[in-house]
Amino acid sequence: MAKKTISRRQFLRKAAAGSIGVVGFPYFVPSSALGKAGNVAASPAPAAGVGASNRIVMGCIGVGGMGSGNMRGFLGKKEVQVVAVCDVDKGRRDRAKKTVDDRYKNNDCKAYLDFREVVERTDIDALSLALPDQWHAIPAVMAARAGKDMYAEKPLARTIREGRAICDAVHRYSRVWQTGSQQRSGGNFHRACELVRNGRIGKVHKVEVGLPTGGSTGNRPVQPVPEGLDWDFWLGPAPWRPYCDFGRDRCHYQWRWIMDYSGGQLTDWAGHHIDIAHWGLGLERTGPVEIEGRGVYPRDGLYDVPMAYKFTCKYDNGIVMTVANNKQIPQGTKWYGETGWVYVKRGKLEADPPSVLQEKIGPNEIKLYKSNDHKQNFLDCIRSRKLTIAPVEVGHRSISVALLGEIAMLLGRKLKWNPEKEIFLNDEQANRMLSRPMRSPWHL
Amino acid sequence: MSQRSKVINTALLVVLCFALVGDAAPLKALIVDGQNNHNWKGTTPVMKKILDGTGLFKVDVATSPPKGQSLSSFKPDFAKYDVVLSNYNGADWPKETQDAFVEYVRSGGGLVIFHAANNSFRQWKEYNEIIGIRWGGNEKTGPYIRWRDGKVVRDMSPGGAGGHGPQHAFQVVIRNKKHPITRGLPEKWMHVKDELYAKLRGPAKNLTVLATAYADPKQRGTGEHEPILFTINYGKGRVFHTVLGHDAPQMECVGFIVTLQRGTEWAATGKVTQKVPEDFPSATEVRRWKDFTNPKPVISSGKETEMDELLEKVKTYDWGQSREPLTKLSDLVRKAYGSPAELRRIERSLVEVLRSEATRAGKQFICRKLSIIGTEESVPTLGAMLTKPKFSDMARYALERIPGAAVDEALRNALQQTTGKTKVGIINTLGQRHDNRAVRALRRLIRDSDPLTAGAAVAALGNIAGPRATRALAQAKDRATGKLRLLVCDAYLKCADELAAQGKKDQALAIYNELMKEPKPINIAALRGRINLLQKKDKK
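Protein chains in written order, with our numbering: chain B, 130 to 573; chain L, 734 to 1273.
Derived by calculation from the structure, the hints in this document are not laboratory data. Hints may contain errors.
One-sided and incomplete, this derived list gives chain B residues near chain L with beta-carbon spacing under 10 Å [as the list claims (entries may be wrong)]:
| hint | residue |
| --- | --- |
| 1 | Glu249 |
| 2 | Ala275 |
| 3 | Pro368 |
| 4 | Arg370 |
| 5 | Cys373 |
| 6 | Pro427 |
| 7 | Arg428 |
| 8 | Arg512 |
| 9 | Gly541 |
| 10 | Arg542 |
| 11 | Asn555 |
| 12 | Glu557 |
Listed below are the simulated DSS-like cross-link pairs for lysine-lysine, each with C-alpha atoms no more than 25 Å apart in a straight line [said to hold, decoys possible]:
| hint | chain 1 | residue 1 | chain 2 | residue 2 |
| --- | --- | --- | --- | --- |
| 13 | L | Lys926 | L | Lys858 |
| 14 | B | Lys239 | B | Lys206 |
| 15 | B | Lys456 | B | Lys206 |
| 16 | L | Lys1008 | B | Lys543 |
| 17 | L | Lys1023 | L | Lys1046 |
| 18 | L | Lys800 | L | Lys781 |
| 19 | B | Lys456 | B | Lys543 |
| 20 | B | Lys543 | L | Lys761 |
| 21 | L | Lys1046 | L | Lys1068 |
| 22 | L | Lys1237 | L | Lys1216 |
| 23 | L | Lys1253 | B | Lys515 |
| 24 | L | Lys1061 | L | Lys911 |
| 25 | L | Lys938 | L | Lys910 |
| 26 | L | Lys858 | L | Lys800 |
| 27 | L | Lys813 | B | Lys550 |
| 28 | B | Lys543 | B | Lys515 |
| 29 | B | Lys332 | B | Lys499 |
| 30 | L | Lys1008 | L | Lys921 |
| 31 | B | Lys550 | L | Lys1237 |
| 32 | B | Lys207 | B | Lys234 |
| 33 | L | Lys781 | L | Lys1023 |
| 34 | B | Lys499 | B | Lys489 |
| 35 | L | Lys969 | L | Lys910 |
| 36 | B | Lys456 | L | Lys969 |
| 37 | B | Lys456 | B | Lys443 |
| 38 | L | Lys1250 | L | Lys1210 |
| 39 | L | Lys1061 | B | Lys543 |
| 40 | B | Lys543 | L | Lys791 |
If you're wondering where the values come from, they're calculated on a predicted model, not measured in any experiment. Idealized CB from N, CA, C, for every residue including glycine.
All chains should be modelled from the sequences, with the hints used to inform the complete structure.
Listed below in structure tokens is the structure:
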């Protein structure tokens, strides 16, 4: 039934890939065609008394842990003016508004419950999105349609179809997109990937990715919805259930361990170490062809995502990626080549032989995109209309690996995947799991 | 997460992680028999049947030449197997076979010693170390192993090794609840009428007592708690030793069957993945499985199957309660994935729950299952739920994923009978299913007075694309204003992208050109579409 849309997706993707062959080449639409700064130049002066008209006007949707952290990051950028914050929990949006107003020493930041009102504001150029995973696709697609550029938290989406819908919308409207996979802009990750890409450990045949281990909890009683929280809005497209405290700070953190909202540590961290694995392999715009593995799930209690997990992905070129929780594979990314290995995680870069780490990358070798500041890179790209260091298709392909692993583990069998068409081969049940029906009135 | 649950999880994980990513291939098991003062011809097929009941093993049998004949030709290839089970109590094996056996165990092979197998090879030093304690011997053989005051006591009193009183039913007491073999078993359970081996003695190195039974002096017993189930580590090898099971009738005991199954898996792999069956013997009552297999199959046409019991629990399940019945039901569904006939039977019983007075949470769970395994057979019941606001979302959760024209038809019918949010949900699902036959109804809804309904209809047409949907959107664009116009243009763009993807460039280009007259950001998207299309042309 999905034949048409598949071809449309391929069209959009091919078109996108066609114009980004060289990093730094303006993509989709020459910036000259739109005016140098795109939407930015046309923005009205944001808040009275602040407004240099060339500032990037931003709204922050979702201002919890990650969201308020990202917001503070943008508040520290002199070229940014934050004018709107949005959260379904009143306490959080009020706190965020106060942070913004304190920073600008005025009372101008508007606080919203409904993200659609932020998306509709024509004075806003860019959005920071940091929401539970079930809420990743809908605001992103709406915002692209409204011409916003986006800095959005990983994982890209809760399902593969939702991820593809985000990619399509971002490509269709030529938006600048930065996935919050900030490891690309810091630490040793760039160096590790450049060594691997330039053959310093020979031809790579396998890569191991270790991600955190999950846990379980007891059953939690249904409770009245706390003051100030719009629970129905928080659930959004996810299946209805009555409110209960998820274990810390209402529903705001531990949703990560409930399958309706997240895939657990696996999908939470895929946007980091799987993303880096792909970067080092140059497989950022494709996916595996075979996936197989097993997960260990809590048999009772509120949480239902895998605690332990291990799955292998075979790529078309024969490379095998194994992803597991860090009790089975050490946390981080480790590539194995013919002549050695390179291992990288936060705060650590190792290689065998160790001399690999002394290697210099010559002028005619592959130079990977360099960014030292993930948010700055996004802001620079808003102005230049160039690709960011973590563009949308790449973010989609990183999380796809985890989502494919999730489906393979839930079904308990080996799956064959066509990364071009993004469908499973000869597995009708698996294909059903590529998308999730949304609770009304939400849709893509 | 609480500190306590963290500790529990860590403990759980340490064990579970080893259980991950096992080879899908069955474990290879070898039963050795051919000589025994017991009915080996009767018990070996029972052992095989019991192992087959787990679905984990591929079982071979190596039968030695009969008593009195030369054993020089008897050379089973132990090294080929994950686990060897000895049902042998006879003449000494040739040296070569003995060496191969010891080397097999030492280097990590699994071994199960069954009942009278511990009577054999009295003079073979390594064998006695491998099996821990034995029947036949004296104080030179090693200590008696007794359970006294909560611990193992090595009793060096002089005396013979092995003995039993008359057969009687006796209680087995688990002494080590953390071992993979015994974890989850009831602490005390009744074994059927059988011999209670007593006074076993031997080197007992690296021996772990899992369970004991009290040898009651009234039954001419020792008055001691005698080891009944135990393990020995020899080199890298794991040995499970059960003294139970004199003959086939004794092997009907569910306790015997389950411990043999679990013990064999542990010996083979060091872990146990099997679940403990629910009808395990209690502390006072024996439980037998006639035919040595679990009489409660996953699914059967009769009542009171495991499935039926779980479905009853699902009917009363509510949020906040234990999810365990749901997990167990999911396991049963997963087990049936490979069998369409089984899945159809399960589907029918799931649908029954939807027709009952089950809780909302219970019905939602059922709909999640049907979203994966449902067929057109579920459609009448799910279709009837579509028009009920409280159940419509969960019905769509299942229906949206179920293939077939019957689903589309049910959705189109429900479209006419619903309003508001319920209707919006159905519109969205028709769009997701790319139902061309819904275009006529959807194009009318673009003019609906409710903006949510109109917007949903527009988005659905964009998702359907196709010639009729494209025409509907082209016409709608000329009439629409404000926010709706932006949505129509977005959907129309999708149709153009679709046409471009199909190679219908002129039609696509016409739409892009038309949309370039729209305000930002539609014109940007139209321009991008145009450029892509023209770039593609240039390449050709």
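| Quick one, are L/Lys926 and L/Lys858 close enough, alpha carbons at most 25 Å? | violated (33 Å)
| said: Hinted pair, alpha-carbon criterion (25 Å max): L/Lys1046, L/Lys1068. Please report holds or violated. | reply: holds (20 Å)
| Does B/Cys373 pass the interface check with chain L, least Cβ-Cβ distance below 10 Å? | Since chain L brings a Cβ to about 6 Å from B/Cys373, closer than 10 Å, the hint holds.
| query | CA of L/Lys800 to CA of L/Lys781, is that 25 Å or under? | reply | Holds, at roughly 23 Å.
| Can the restraint linking B/Lys543 and L/Lys791 be considered satisfied, given a maximum Cα separation of 25 Å? | holds (22 Å)
| query | Hint check: is the beta carbon of B/Arg370 less than 10 Å from a beta carbon of chain L? | reply | Holds, because the Cβ-Cβ distance from B/Arg370 to chain L comes to roughly 5 Å (cut-off 10 Å).
| query | Hey, B/Lys456 versus B/Lys543, does the alpha-carbon distance stay inside 25 Å? | reply | Answer holds: B/Lys456 to B/Lys543 is near 23 Å, not above 25 Å.
| query | Given the proposed pairing of L/Lys938 with L/Lys910, does the C-alpha separation stay at or below 25 Å? | reply | Distance ~21 Å between L/Lys938 and L/Lys910 Cα, so the pair holds.
| query | Holds or violated: is there a CB of chain L closer than 10 Å to the CB of B/Arg542? | reply | Holds, because the Cβ-Cβ distance from B/Arg542 to chain L comes to roughly 7 Å (cut-off 10 Å).
| field | Pair hint B/Lys332 and B/Lys499, alpha-carbon separation not exceeding 25 Å | value | holds (23 Å)
| message | Does L/Lys911 sit within 25 Å of L/Lys1061, going by the straight-line distance between their CA atoms? | response | holds (23 Å)
| request: Starting from L/Lys1250, check that the Cα of L/Lys1210 is at most 25 Å away, please. | output: holds (12 Å)
Checked against the numbered hints listed earlier, the structure breaks hints 8, 11, 13, 15, 17, 22, 27, 28; every other hint is satisfied.
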